[in-house]
Amino acid sequence: MSTVAERAAARKRALIAEKAFDELDDRLGTSKWLRNAMDKIFPDHWSFMVGEIAMYSFLILVVTGIYLALFYSPSSAIVVYHGPYKPLDGQSMTQAYESTVNLSFSVRAGLVMRQAHHWAALIFLAAIVVHMCRVFFTGAFRKPRELNWTIGVTLLLIAMLEGFSGYSLPDDLLSGSGLRVVFSIIQSVPFVGVWLAFTLWGGPFPGSSAFFSRLFVIHEFLFPLLLAGLLGAHLAILWHQKHTDFPGPGKTERNIVGSRLWPQYAVKSGSLLMFIAAVIFGLGGFVQINPIWVYGPFSAARASAGTQPDWYVGWLDGALRLWPHWEFRSLGHEIANPFFPGILLPGIVFAVIYAWPAIDRRLFNDHEEHNLLDRPRDKPLRTAIGVAALFFFADLTLASATDLIGNGLNISFELLIEILQYGSFVAPIIAGFVAYHVCLLLQRTAAHPIQRPVGGIIVRDAKGAFHTLGYEHAHGGNGHGGNGHGGNGHDAGPAEADAEEGARSWPAGQHGAGASAGPGGG
Amino acid sequence: METLRPGPAEGERVAEPPAASFPRVVTGTHGPEEGAGLGTPWPDDVPPDQDDTWYPLKDDPYKARRMEYIIASLWAVTGGCGIGLMIAYWTGGQAQVEGALLAAAFGCLGAGLLLWAKFLLPGQGDIVGSRGEHHSSPEERAAVVASLSRGTDAMLSRRGFLVKKVLVPVGGIFGIAALWPIASLGPRYGRFLYHTAWYPGARLVDQFGKPVLASDVEVDGIMTVFPEGHTDTDIPANAMSPAVLINIGGDTIVERKLNEGFEVRYGGNGLVCFSKICTHAGCAVSLFNVLSMQLVCPCHQSTFDILEDCKPVFGPAPRPLPQLPLGVSPDGYLFARSDFVEPVGPGFWDRGGPA
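Protein chains in written order, with the numbering used here: chain A, 1 to 522; chain B, 1 to 355.
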């Protein structure tokens, strides 16, 4: 196919590459590693892309954020606005607010960059959450990947704080109200709350003249550094442990099936980056977000209806609205109301999420290593708990927009809040129950992908050779636990119990399963 | 479901089952031996001898060439958008145009890359490799403990005198000393949260600093007021002071004992003044429902019944809004007879018993 000229060019390229790699190897000994890296195999499944979406949104956040930082001024000094946006002309405001308005209207490409930055943040958090759901429902957090789950949850936590700190930088009426609420939440912590709030803000609300510098340093330096570092660790561990994969024909606990990093995976992933950039900058150009000039500068004496945080903080704002008017007082001290929904609830939520791999181990008495994923239906209890949690968060998130939803539905916000208060209990229970039974039904209806006919299929290829497909599976299990109802006889339990003592983890499925029955047919 | 790769060369066949790949075909002879499953991992995840030069249009030069032209035209669009962006920037910039050009540029670049990878680049889909072994051997595990002990045993000899009796306490003291600068970050809060900028005799002024006459507010009207000289709420000392002045007309208010006699009567109308800072989370209680005579906080919908001394009747607010003791000067201006008599705004640990 190739012409003589092409072959000559390829030879020439190979010579150049050889020389370059030799020079590098002489100094760093990199060739072995580079070869392994380029040949590395990544499984293909659409759901594995979601984490990449988060990573690339972060990249775009860094790039657009650097641009914005060149114009933003983190100062609470009061100035009088005289600029192209006439409705604000003559108003006094902080320099933080003025510089944000200016970088939107007076800096070329500033508005696109700012809106793209904000959209990218929303997508970043959304991708993290969806990625986390994927990892949760498929059991990808199980041994040996618990550490990466922990790092991932920390990334989510920091990303939320990073998002909130960025949302607060412009010092507009909306974000100022958000800061006021967060100050009150921190102030509500028993013993140290007031001291903590005063320490962070440099004094009572709205804080000392250093406050916006602090927020800026946190948003521009501290959290991004942490995010970048943890993201690096997250990826390094993924690289080392190799990606999980769904069970399927030809897939075992010990092999990996997919595309090579170079060039297939790298180019495809690059195209994903480009698509994400296209979506984010498209939104940044066309869909207005956070028009701070409409809200006006912050004042402690004002607040407006429709005060909502960005979506990922919605569940906490909703919790503040749904938590009843309780606070506890005795002996001259009190635990103030916002402590319970603002500190205790997220504290419990994140504690449970952090502990989930350990909880899951006990719940399913499963201490083995897994490289093959569960299908959500195979672990109905875990799936039900996950679905219940999602409904709980959805209920709280809806509650963060009670006034807007009440207007839209023409019902009073009082009624809506009451519905959502009950909903925060009832919806998770019902949803979890339904999810559990849907899992069981799905188990009975659909054939499991690892169930294949006994003895395999014989095919004949174009050259006349015969291949026995499915042989490997018929011979032994692939160690995948699950589908107790399918009757294929190698649930994790018995197979691994059969494994010889001292056999460490995954050989169990491979060798031990020989003793268990072959596929019994569902 | 997927195309079978070109089969193995003749003569190389066939007795063993193809290793781990259903319905794939692995060429070469490096598959694991029969019966071994994939028990013996390859040294790393570089699978030897698989045909990974294959790609869908490899055997169809015509279609491959056509695909190259499609990709080229997509990337040409990206180039065109680049020129467009330069022009847009040079002529002053316009958000929608920039957004459209950026989206088209990135989108076409991405589409081209995707087609390139899918149809013209090898190494895709169904390469089978080993996960390898990322565990250390038992010997290595033992060795790491030995290495650690070499150090710790020596360090903790002599009953750990240096470590336990010196280093730990010294480190503790020095560590605590290193935390000291945190104290510089914020002031001691003292009694700050118990007071606002209101003082005895402070006239009520509007947001522009204009003193408020008792006749300035209509019946069932409300107005945000500040202590005279303290309208700038960007200063912490003033941020807790904003208050709402309400004309309740001929209605009477059911006052808590604490607030008895705080309202004034002027021309037959009752005038009351409440803190505007929500007792829940500190937002400005900015919404007024005149029909039910209620103040509503826009942040979390806490609702306060004005005629019941701003008792919270709905939502998360746990306490009534504090009331300001009002007075009317002989020339008709409203003034505060004192500061609020209880702490304003959200709760905190030391706020002190029930109000």
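These are computed hints drawn from the structure, not numbers from a lab.
These numbers come from a predicted model, not from an experiment.
Positions of the beta carbon are idealized from the N, C-alpha and C atoms, including for glycine.
Be a bit skeptical, because a hint or two may be false.
In silico EDC-like links for lysine to aspartate or glutamate, alpha-carbon gap of 20 Å or less [as the list claims (entries may be wrong)]:
1. B:118 with A:52
2. A:463 with B:51
3. A:242 with A:44
4. B:311 with B:251
5. A:242 with B:251
Listed next, with one range per pair, are the computed distances between beta-carbon atoms [what the hints assert, rightly or not]:
6. A:419 with B:313: 29 to 35 Å
7. A:355 with B:179: 24 to 30 Å
8. A:196 with B:194: 16 to 22 Å
Unmet hints by their number, sorted upward, for this structure: Violated hints (numbers, rising): 5 and 6; every other hint is consistent with the structure.
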